[in-house]
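S.K.: Protein chains in written order, with the UniProt record's numbering: chain A, 1 to 230; chain B, 1 to 230.
Just so you know, not all the hints are guaranteed correct.
Because identical chains cannot be distinguished in the list, a pair is counted as satisfied if it fits within a single copy or across any two copies.
Stated by the list, open to error - Cross-link-like lysine to aspartate or glutamate pairs, in silico, DMTMM-like; alpha carbons within 20 angstroms at most:
#1 K229 <-> D150
#2 K224 <-> D150
#3 K94 <-> D63
#4 K55 <-> E152
#5 K78 <-> E95
#6 K81 <-> E95
#7 K197 <-> D134
#8 K78 <-> D219
#9 K47 <-> D153
#10 K205 <-> D153
#11 K204 <-> D219
#12 K52 <-> E95
#13 K195 <-> E138
#14 K161 <-> D150
#15 K65 <-> E95
#16 K224 <-> D188
#17 K223 <-> D153
#18 K55 <-> D150
#19 K5 <-> E95
#20 K23 <-> D135
#21 K161 <-> E138
Note that these hints are calculated values from the structure, not bench results.
The structure presented is a predicted model; accordingly, all values stated were derived computationally and were not measured.
Number of protein chains: 2
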Amino acid sequence: MSALKYYFDLMSQPSRAVYVFLKITKIPFEPYAVALRKGEHRTDDFKQNFNKFQKVPFIHHGDFKLAESIAIVRYLSKQYKDNVPDYLYPSGAKEQAKVDEFLEWQHLNIRLHCAQYFWYKWLIPNITQSPPDDDKIERLESAMLGSISDFEDLFLSQGHKYVVGNTLTVADIFAACELEQPRIAGYDVCQNRPKLKSWLDSVKKDCDPFFAEANVFVDKFAKKTLAAKM
Amino acid sequence: MSALKYYFDLMSQPSRAVYVFLKITKIPFEPYAVALRKGEHRTDDFKQNFNKFQKVPFIHHGDFKLAESIAIVRYLSKQYKDNVPDYLYPSGAKEQAKVDEFLEWQHLNIRLHCAQYFWYKWLIPNITQSPPDDDKIERLESAMLGSISDFEDLFLSQGHKYVVGNTLTVADIFAACELEQPRIAGYDVCQNRPKLKSWLDSVKKDCDPFFAEANVFVDKFAKKTLAAKM
Numbered sequence: 001m002s003a004l005k006y007y008f009d010l011m012s013q014p015s016r017a018v019y020v021f022l023k024i025t026k027i028p029f030e031p032y033a034v035a036l037r038k039g040e041h042r043t044d045d046f047k048q049n050f051n052k053f054q055k056v057p058f059i060h061h062g063d064f065k066l067a068e069s070i071a072i073v074r075y076l077s078k079q080y081k082d083n084v085p086d087y088l089y090p091s092g093a094k095e096q097a098k099v100d101e102f103l104e105w106q107h108l109n110i111r112l113h114c115a116q117y118f119w120y121k122w123l124i125p126n127i128t129q130s131p132p133d134d135d136k137i138e139r140l141e142s143a144m145l146g147s148i149s150d151f152e153d154l155f156l157s158q159g160h161k162y163v164v165g166n167t168l169t170v171a172d173i174f175a176a177c178e179l180e181q182p183r184i185a186g187y188d189v190c191q192n193r194p195k196l197k198s199w200l201d202s203v204k205k206d207c208d209p210f211f212a213e214a215n216v217f218v219d220k221f222a223k224k225t226l227a228a229k230m
Numbered sequence: 001m002s003a004l005k006y007y008f009d010l011m012s013q014p015s016r017a018v019y020v021f022l023k024i025t026k027i028p029f030e031p032y033a034v035a036l037r038k039g040e041h042r043t044d045d046f047k048q049n050f051n052k053f054q055k056v057p058f059i060h061h062g063d064f065k066l067a068e069s070i071a072i073v074r075y076l077s078k079q080y081k082d083n084v085p086d087y088l089y090p091s092g093a094k095e096q097a098k099v100d101e102f103l104e105w106q107h108l109n110i111r112l113h114c115a116q117y118f119w120y121k122w123l124i125p126n127i128t129q130s131p132p133d134d135d136k137i138e139r140l141e142s143a144m145l146g147s148i149s150d151f152e153d154l155f156l157s158q159g160h161k162y163v164v165g166n167t168l169t170v171a172d173i174f175a176a177c178e179l180e181q182p183r184i185a186g187y188d189v190c191q192n193r194p195k196l197k198s199w200l201d202s203v204k205k206d207c208d209p210f211f212a213e214a215n216v217f218v219d220k221f222a223k224k225t226l227a228a229k230m
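So here's chain A without its partners, still in its complex pose (with noise of 0.2 angstroms):
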């Protein structure tokens, strides 16, 4: 089989949640670092020989190109059977639709109002050197603890462990690298919330050593936030 090209930005939440797929189900690939900070993504080479989306993570798998995280998990899970234990993500049509579920929920939920919290209280602000809006960030604010009620009550609420049962699945994955990224911006998901607590160590824990590899960036400008506001 072609070599698998992987492309991604440890700052972006869909590209640590490939990576942590990746090297816990061993799938050989030869990773490619793109520096969104730099606008690599932005140039006409780019759009025509790499990435039509202009965004990451995506894959060259010969001369197969593929982006969109979730499209690129379940194209490598048949693509790569034997490396992907059952129970990350499940073949079972119940089971897999479990797991489906919730990753088409996310999009719209944690993961549109954890990113738009990060880039307009954090994201942009750096860009432009101009401190954000405080009524913006309040409104973003209130959306993103709302979907973060929604994903505890409707999924970690239901009497198992994990998102879909009581095993890990990639759900887990996406869901615990959205959830992460707030941090950067100065907010712990977690606080005053043991449920979540329990289940996002749980998952960093399964993932180990991989999670925390894939959030070496997350982790550092998380700490830095925190310097600046002592």
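Chain B: place on chain A using the hints.
M.R.: This is chain B only, laid out in the frame that chain A set:
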């Protein structure tokens, strides 16, 4: 196999997409209309016994309950293999991945932006009987037009007739259902976009008569909005 119960409201874009998919594939199902306008989805009984997400569409397949339109289509494609022609949701890893790439992409692009325009321009003003905020509508219209241009650029300008290749797939059905929604609020996405119009006409024709059947309320409300403008 247990009877498949399909719960939907034809005012919901993903409800229409799954409806068209079920009709084209001739998957036998019992239809259950849920009247969102009457708040039927907001009761505790609905949350506990029908769908914890309190939205549509969803299915009950014997004891198995599943929400999220795209997870539903994938599940049904596995459970009713003989009904689903390979062109509609391909079984080949690469072909399926390209359909998945679109289905994952659309959430935070045409789905988010066309729906937000519809909610704030038409739905909320109709519920509250208060006119929308003009500045907000202008921002939402601009975001919607940006995502429609991206859709044309990334999917309809790649040298093939449909979203993914030269045959209709579920990607086209989902895209068409989202892009029709703003018409209720008085915005025809095809204006000044001959490429988009030609594609949408092809999708409608291929899904005849089910697309028209699913769009009966869209057409009705779009006519009312148009008449009110004159």
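S.K.: Evaluate each hint against the coordinates.
M.R.: Hints and how they fare:
1. K229 <-> D150: neither (29 angstroms within a copy, 39 angstroms between copies)
2. K224 <-> D150: The answer is neither: 30 angstroms in one copy and 36 angstroms across copies each exceed 20 angstroms.
3. K94 <-> D63: Between copies, since 11 angstroms is at most 20 angstroms while 33 angstroms is not.
4. K55 <-> E152: The answer is between: 18 angstroms across copies meets 20 angstroms, while 29 angstroms in one copy does not.
5. K78 <-> E95: both (16 angstroms within a copy, 12 angstroms between copies)
6. K81 <-> E95: both (16 angstroms within a copy, 17 angstroms between copies)
7. K197 <-> D134: Close neither inside one copy (27 angstroms) nor across copies (42 angstroms); limit 20 angstroms.
8. K78 <-> D219: Neither: 33 angstroms inside a copy, 41 angstroms across copies.
9. K47 <-> D153: between (40 angstroms within a copy, 12 angstroms between copies)
10. K205 <-> D153: Neither: 23 angstroms inside a copy, 42 angstroms across copies.
11. K204 <-> D219: within (13 angstroms within a copy, 50 angstroms between copies)
12. K52 <-> E95: Answer is between; shortest inter-copy Cα gap is 18 angstroms, intra-copy 33 angstroms.
13. K195 <-> E138: For K195 and E138, neither the intra-copy (24 angstroms) nor the inter-copy (41 angstroms) Cα distance is at most 20 angstroms.
14. K161 <-> D150: within (16 angstroms within a copy, 40 angstroms between copies)
15. K65 <-> E95: Between copies only: 11 angstroms across chains, 28 angstroms inside a chain, cut-off 20 angstroms.
16. K224 <-> D188: The answer is within: 14 angstroms in one copy meets 20 angstroms, while 48 angstroms across copies does not.
17. K223 <-> D153: Neither: 30 angstroms inside a copy, 40 angstroms across copies.
18. K55 <-> D150: Result: close only across copies, 13 angstroms inter versus 28 angstroms intra.
19. K5 <-> E95: Between. Shortest inter-copy distance 19 angstroms satisfies the 20 angstroms Cα cut-off; intra-copy 29 angstroms does not.
20. K23 <-> D135: The answer is neither: 41 angstroms in one copy and 47 angstroms across copies each exceed 20 angstroms.
21. K161 <-> E138: neither (32 angstroms within a copy, 45 angstroms between copies)
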